[in-house]
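Kindly generate the complete structure, drawing on both the sequences and the hints.
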Amino acid sequence: MNETSAPAATGRIVLERTYRARVEELWELWTTKKGLESWWGPEGFRVEVHHIEARVGGALHYEMIADAPEQIEAMKRTGQATSHKVKGTFTELKLHQRLAITQLIDFVAGVKPYHTTAVVEFSQSRDRVRMVITLDALHDAEWTKRAQMGWTSQLGKLDKRFQS
Amino acid sequence: MVQYAAELDSSFAALADPTRRGILQRLGRSDASISDLAASFDMTLTGMKKHVQILEGAGLATTSKVGRVRRCMLGPRKLEDASAWIAEYRRLWEARLDRFGAALEKQRKRRTARRQEKRK
Numbered sequence: 001m002n003e004t005s006a007p008a009a010t011g012r013i014v015l016e017r018t019y020r021a022r023v024e025e026l027w028e029l030w031t032t033k034k035g036l037e038s039w040w041g042p043e044g045f046r047v048e049v050h051h052i053e054a055r056v057g058g059a060l061h062y063e064m065i066a067d068a069p070e071q072i073e074a075m076k077r078t079g080q081a082t083s084h085k086v087k088g089t090f091t092e093l094k095l096h097q098r099l100a101i102t103q104l105i106d107f108v109a110g111v112k113p114y115h116t117t118a119v120v121e122f123s124q125s126r127d128r129v130r131m132v133i134t135l136d137a138l139h140d141a142e143w144t145k146r147a148q149m150g151w152t153s154q155l156g157k158l159d160k161r162f163q164s
Numbered sequence: 001m002v003q004y005a006a007e008l009d010s011s012f013a014a015l016a017d018p019t020r021r022g023i024l025q026r027l028g029r030s031d032a033s034i035s036d037l038a039a040s041f042d043m044t045l046t047g048m049k050k051h052v053q054i055l056e057g058a059g060l061a062t063t064s065k066v067g068r069v070r071r072c073m074l075g076p077r078k079l080e081d082a083s084a085w086i087a088e089y090r091r092l093w094e095a096r097l098d099r100f101g102a103a104l105e106k107q108r109k110r111r112t113a114r115r116q117e118k119r120k
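Respectively, the protein sequence lines represent chains D and F.
Residues in the first sequence are numbered consecutively from 1, following our numbering.
Residues in the second sequence are numbered consecutively from 1, following our numbering.
FYI, nobody ran anything at the bench for these hints, they're computed from the structure.
Heads up, a few of these hints could be off.
Said to hold, decoys possible - Heads up, simulated BS3-like pairs for lysine-lysine below, C-alpha to C-alpha not over 25 Å straight-line: (1) D:Lys87 with D:Lys34; (2) D:Lys34 with F:Lys106; (3) D:Lys33 with F:Lys65; (4) F:Lys106 with F:Lys118; (5) D:Lys33 with F:Lys50; (6) D:Lys34 with F:Lys109; (7) D:Lys34 with D:Lys94; (8) D:Lys85 with D:Lys34; (9) F:Lys118 with D:Lys34; (10) F:Lys65 with F:Lys50.
Unchecked claim - Here are the in silico distance ranges between beta carbons for each label pair: (11) F:Gly47 with D:Ile72: 37 to 45 Å; (12) F:Arg70 with D:Val49: 21 to 29 Å; (13) F:Arg70 with D:Thr116: 35 to 43 Å; (14) F:Lys65 with D:His61: 23 to 31 Å; (15) D:Arg77 with F:Gly28: 18 to 26 Å; (16) D:Asp106 with F:Lys118: 45 to 53 Å; (17) F:Gly59 with D:His50: 21 to 29 Å; (18) F:Arg68 with D:Gly58: 54 to 62 Å; (19) D:Leu95 with F:Gly67: 51 to 59 Å; (20) F:Arg68 with D:His51: 48 to 56 Å.
We put the beta carbon where it would ideally sit given N, CA and C, even for glycine.
What follows is the structure in structure tokens.
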């Protein structure tokens, strides 16, 4: 068993969707103020994009504002601010093919600031576009360690099973 | 050990199929009937029942009959800490991509309407 590959294997999430559309239409939703604001969310939040510059090294600064009443209530109850400013950067950009957004997450209580990256790849075939998103889900040492332990112990169980 | 290994085998087999992983993601958001699931995955009722049975056999989903409808929900098998967190993060992105799809659809409709308006 290759121990060093375990965290990467557990920490990565790959999501795939196919849309009947042109790649330009999807690209616009990722790289313009109006586009991103129409879907970025997350659930219970709306987003105001303050600065967006779709080029390598270009900024993506936005504010995440709780707008669902239950979300606002939950954040107040747990002593969190109801809006957060997030600073991101386009770290990769290949027109209509691939982009990467790296964000600094520095507002989670008890968690040291960390960077998180989403890589998005687009491929058009006839009237459909396949969009593949790769996320690094595990951001700090604690989670990586926990994941590694969980994964290693699962693989350990498998190993035992094959030996028995 | 043998019992545990059998469970592990069944969950690996259940998770090996992308449709079944999709079903679990869907159930992670809310319970659903077999026919809801069949419609979301563009599949026949019989095909969907088979997938759900496999997930149920692995403890990853459970079902219960309410009147004439069979409801499906996530099963009793609890995820470990880290995988629970990853699942949570994945759910956030799944929901985000649902909105992406809806926004794309809205954008297309708006443009089609505008084109038709111009032709008039």
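* Lys106 (chain F) and Lys118 (chain F): Cα distance at most 25 Å? -> The given pair, whose Cα atoms are some 18 Å apart, holds under the 25 Å limit.
* Asked: If you draw a straight line from the CA of Lys65 (chain F) to the CA of Lys50 (chain F), is it 25 Å or shorter?
  -> With a Cα-Cα distance of about 16 Å, the restraint between Lys65 (chain F) and Lys50 (chain F) holds, given a limit of 25 Å.
* Within 25 Å, alpha carbon to alpha carbon, are Lys87 (chain D) and Lys34 (chain D)? -> holds (17 Å)
* Asked: Would the pair Lys34 (chain D) and Lys94 (chain D) pass a check requiring their Cα atoms to be no farther apart than 25 Å?
  -> holds (20 Å)
* Asked: Within 23 to 31 Å or not, the Cβ separation of Lys65 (chain F) and His61 (chain D)?
  -> violated (51 Å)
* At the C-beta level, are Asp106 (chain D) and Lys118 (chain F) separated by a distance inside 45 to 53 Å? -> holds (47 Å)
* **Whether the CB-CB distance between Arg70 (chain F) and Val49 (chain D) falls inside 21 to 29 Å** => Roughly 44 Å apart at Cβ, these two residues miss the hinted range, so it is violated.
* To do: For the range 35 to 43 Å, tell me whether the beta carbons of Arg70 (chain F) and Thr116 (chain D) fit it or not.
  => Check passed, 39 Å falls within 35 to 43 Å.
* Asked: Are the Cα atoms of Lys85 (chain D) and Lys34 (chain D) separated by 25 Å or less?
  -> With a Cα-Cα distance of about 17 Å, the restraint between Lys85 (chain D) and Lys34 (chain D) holds, given a limit of 25 Å.
* Asked: Going straight from one Cα to the other, do Lys33 (chain D) and Lys65 (chain F) come out at no more than 25 Å?
  -> violated (46 Å)
* **Distance restraint between Lys34 (chain D) and Lys109 (chain F), which requires alpha-carbon spacing of 25 Å or less** => Distance ~16 Å between Lys34 (chain D) and Lys109 (chain F) Cα, so the pair holds.
* Can the restraint linking Lys34 (chain D) and Lys106 (chain F) be considered satisfied, given a maximum Cα separation of 25 Å? -> Satisfied, since the Cα-Cα distance of roughly 13 Å is no more than 25 Å.
The earlier numbered hints that this structure contradicts are 3, 5, 12, 14 and 17.
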